[in-house]
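**Student:** Chain by chain, the residues:
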Amino acid sequence: MKVAVLIKQVPDTTARISISGGLVDEGSISKWTISPYDEYALEAALKLQSESGAKVVAITLGPQRSSKSLIDAAAVGADELMHVLYEGDTGSLSLQSALAAAVRKSEADIVLAGKQAADTNSGSTAPGVAQMLGLPCVGLVSEVKVVDGNFVATRSTSSGMERVSVNGPCVFAFDKGDEELRRPNVRGIMMAKKKPIESLSPADLGVSMEDGGVNVESVGYPPEKPAGQTFQGAASASEVVTKLREEANVI
Amino acid sequence: MGYEALDFYDVDSLLTDEERMIRDAVRDWVDESVIPKIENACREGVFLDEWRQELGGMGILGAPLKGYGCPGLSYTAYGVICRELERGDSGIRSFASVQGSLAMYPIWDFGSEEQKEKYLPKMASGELIGCFGLTEPDYGSNPGDMVTKAEEDDDHYILNGAKMWITNGTIADLAVVWAKLDGVIRGFIVEKGDEGFSAPEMKGKHSLKASVTSELVFQDCKIPKDRILPGVKGLRGPFSCLNNARFGISWGAVGAAQSCFDSARSYAMSRIQFDHPIAAYQLVQNKLAWMLREITKAQLLAYHLGVKKDSGEWVPEHISLAKMNNVDIALEIARVARDIHGANGILDEYPVMRHMANLESVKTYEGTHDIHNLILGRHITGIQAFTREA
Ligand SMILES: Cc1cc2nc3c(=O)[nH]c(=O)nc-3n(C[C@H](O)[C@H](O)[C@H](O)COP(=O)(O)OP(=O)(O)OC[C@H]3O[C@@H](n4cnc5c(N)ncnc54)[C@H](O)[C@@H]3O)c2cc1C
Chain D
1 MKVAVLIKQV
11 PDTTARISIS
21 GGLVDEGSIS
31 KWTISPYDEY
41 ALEAALKLQS
51 ESGAKVVAIT
61 LGPQRSSKSL
71 IDAAAVGADE
81 LMHVLYEGDT
91 GSLSLQSALA
101 AAVRKSEADI
111 VLAGKQAADT
121 NSGSTAPGVA
131 QMLGLPCVGL
141 VSEVKVVDGN
151 FVATRSTSSG
161 MERVSVNGPC
171 VFAFDKGDEE
181 LRRPNVRGIM
191 MAKKKPIESL
201 SPADLGVSME
211 DGGVNVESVG
221 YPPEKPAGQT
231 FQGAASASEV
241 VTKLREEANV
251 I
Chain V
1 MGYEALDFYD
11 VDSLLTDEER
21 MIRDAVRDWV
31 DESVIPKIEN
41 ACREGVFLDE
51 WRQELGGMGI
61 LGAPLKGYGC
71 PGLSYTAYGV
81 ICRELERGDS
91 GIRSFASVQG
101 SLAMYPIWDF
111 GSEEQKEKYL
121 PKMASGELIG
131 CFGLTEPDYG
141 SNPGDMVTKA
151 EEDDDHYILN
161 GAKMWITNGT
171 IADLAVVWAK
181 LDGVIRGFIV
191 EKGDEGFSAP
201 EMKGKHSLKA
211 SVTSELVFQD
221 CKIPKDRILP
231 GVKGLRGPFS
241 CLNNARFGIS
251 WGAVGAAQSC
261 FDSARSYAMS
271 RIQFDHPIAA
281 YQLVQNKLAW
291 MLREITKAQL
301 LAYHLGVKKD
311 SGEWVPEHIS
321 LAKMNNVDIA
331 LEIARVARDI
341 HGANGILDEY
351 PVMRHMANLE
361 SVKTYEGTHD
371 IHNLILGRHI
381 TGIQAFTREA
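So the protein sequences, as listed, match chains D and V.
For the first sequence, my numbering begins at 1 and goes up steadily by one.
For the second sequence, my numbering begins at 1 and goes up steadily by one.
Be aware that a few hints might be false.
Quick list of in silico lysine to any residue cross-link-like pairs, SDA-like style, CA-CA up to 20 Å [what the hints assert, rightly or not]:
no.	chain 1	residue 1	chain 2	residue 2
1	D	K31	V	A5
2	D	K193	V	A5
3	D	K193	V	L14
4	D	K105	D	D79
5	D	K195	V	E18
6	D	K31	V	F197
7	D	K31	V	D173
8	D	K193	V	D173
9	D	K105	D	K193
10	V	K122	V	D173
Derived from the structure by calculation, the hints contain no laboratory data.
With the hints as constraints, model all of the structure from the sequences given.
**Tutor:** Here it is in structure tokens:
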């Protein structure tokens, strides 16, 4: 069995973001990291590796710098690394086509990905790749196990936990689970450096990045928070309650 | 906002990819497993056992040693590890220094094949803890005059004497003990539970509170003959261990200083007095600029020493300079950072006073600040000034 994990390199959640010309100024970002939900997908894949003998192939699409996220994945145990090297901006449709083609090339049986990326938050990659591959997609998953030849996923619903069984290839989109993420050790880091990365262009995969489908036009800072309001004395209680109910929507 | 390591000259760009990955792994571990727990551990005066396990699990103990299950990293990588650990707390770095440079190293360099195979793999994994017994109650800076002695007795050695200030002593599974056999300093491996050996903990420290410090007491302590380190005689044994540990400290001190700078900078930016952030005042900026200057110099010193250590082109005096300078500036930076934090600086909500208190020990152990001055003085003049005779 082979498990593909889709990994996106994003700015670290603690990195300061600055915007220039309507787009995020990548040069100003001091630290890049694997998108947190993807880390849960990777952890689940590594569980399938240790429990069911699966081979794990980590796949990323992005500029040269993003190969670091594949090396990080190898440091915790990914067996194969595939980099779809693309320096430009990607629309979501072309991104999904390229990732789907990479998955096909990897001959993976199932695909694990984060439910959304920490930078764009669009949440379209996993279902999009599933669509392109003609596979079902199960979202908000926190665990996948192999039980009697089926993939059994645990997912949270509004009323509790749900267990879903899938009897064939599938894309699973991961939410943050309870699993503790493994950290790389020195041995893993030293081995990761030696692991080859299969580097492919979208053209190698027969995909054109021209028609992006959905493209980001521009980004901006969130609006400044309005100044806080101060109330004093018991007489203001009803006004506070009204504001909490109608403006803040918290009660 | 998370910790941002000051690296004004981008010195870390000189590291290899692996060294940077190791840095990130250790830094993340410190953020997750040390920072949230360290104040409580200090209050209780304990070194958490989970730290031992996790340091072993990361595979960073005995970092620069090769073979026998040891990581086999560069000395520079070892320095980076020390820096990141000491950014958390000098006590954590002390644990790693003692384990790797003072207990594993002498076995690795001077031990028999059997000793290496018996101890090193389990020490690298953190399963066994080691300590290093050199200092005695009456012999600190001049260990050459130690009185702990070993005598042959059939197929055993009998040890008598006492060591003091021994990091990890009480929690150690084995101690590398330096004692005189027929007047010559030799290394011996004493195991926990050996007859006549005890390691009571020293209490009441205001410094390195999350590190265990102990006495080692030998009362007709009987150890088998095969526990002597066959490969070294004289002070060269303990001093070669100290060279490696001091090298690590010269990096570690940078980590403590970076932590103090990080805290002082963000505090100065947010603390408003006289209607402006205190960072807007020239006196405070001068302090921050001085910290940046000294940290940058210390980083370059540590990095270049790492290069020299890795190429083998170093003399102990190079290490003395870096240990002395970097600990000295780190301690002064901690004090100035404490000052910038005002009253808040004395609280355990901020790391500065803890680093400051820790660095007082670091200034003293592994050769006091002035002993390193004397080492350099002898190097410059050719005249030793350690003692007044001869
Ligand atoms: C927390 C902690 C952990 C330690 N861990 C270990 C350990 O694991 N193993 C171990 O063996 N030891 C350990 N030590 C001991 C440490 O190495 C000694 O404290 C150190 O070598 C200094 O010895 P001393 O304390 O006896 O000071 P002293 O040697 O008495 O020095 C006192 C002062 O006199 C000065 N001085 C001494 N000689 C001269 C001279 N000739 N000229 C001018 N000034 C001089 C010193 O610079 C210092 O300022 C530890 C110490 C501490 C505090």
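**Student:** Each of the hints needs a verdict: does it hold here or not?
**Tutor:** Evaluation of the provided hints:
Annotation: proposed proximity of K31 of chain D to A5 of chain V holds, straight-line Cα distance about 12 Å (limit 20 Å). With a CA separation close to 24 Å, the supplied pair K193 of chain D and A5 of chain V exceeds the 20 Å bound. Using a Cα cut-off of 20 Å, the hinted pair K193 of chain D and L14 of chain V holds, with the two alpha carbons roughly 17 Å apart. Proposed proximity of K105 of chain D and D79 of chain D is supported: the alpha carbons are some 15 Å apart, at most 20 Å.
Among the hinted pairs, K195 of chain D with E18 of chain V is consistent with the structure: their alpha-carbon atoms are about 13 Å apart, no more than 20 Å. For the suggested pair K31 of chain D and F197 of chain V, the alpha carbons sit about 50 Å apart, so the restraint of at most 20 Å is broken. Of the pairs offered as hints, the one joining K31 of chain D and D173 of chain V is violated, with about 40 Å between alpha carbons and a cut-off of 20 Å exceeded. With a CA separation close to 35 Å, the supplied pair K193 of chain D and D173 of chain V exceeds the 20 Å bound.
At most 20 Å may separate the alpha-carbon atoms for a hinted pair to count; K105 of chain D and K193 of chain D exceed this at roughly 23 Å. Between K122 of chain V and D173 of chain V the alpha-carbon distance is near 11 Å, which keeps this suggested pair within the 20 Å criterion.
Taken one by one, the earlier hints fail for this structure at numbers 2, 6, 7, 8 and 9, listed in ascending order.
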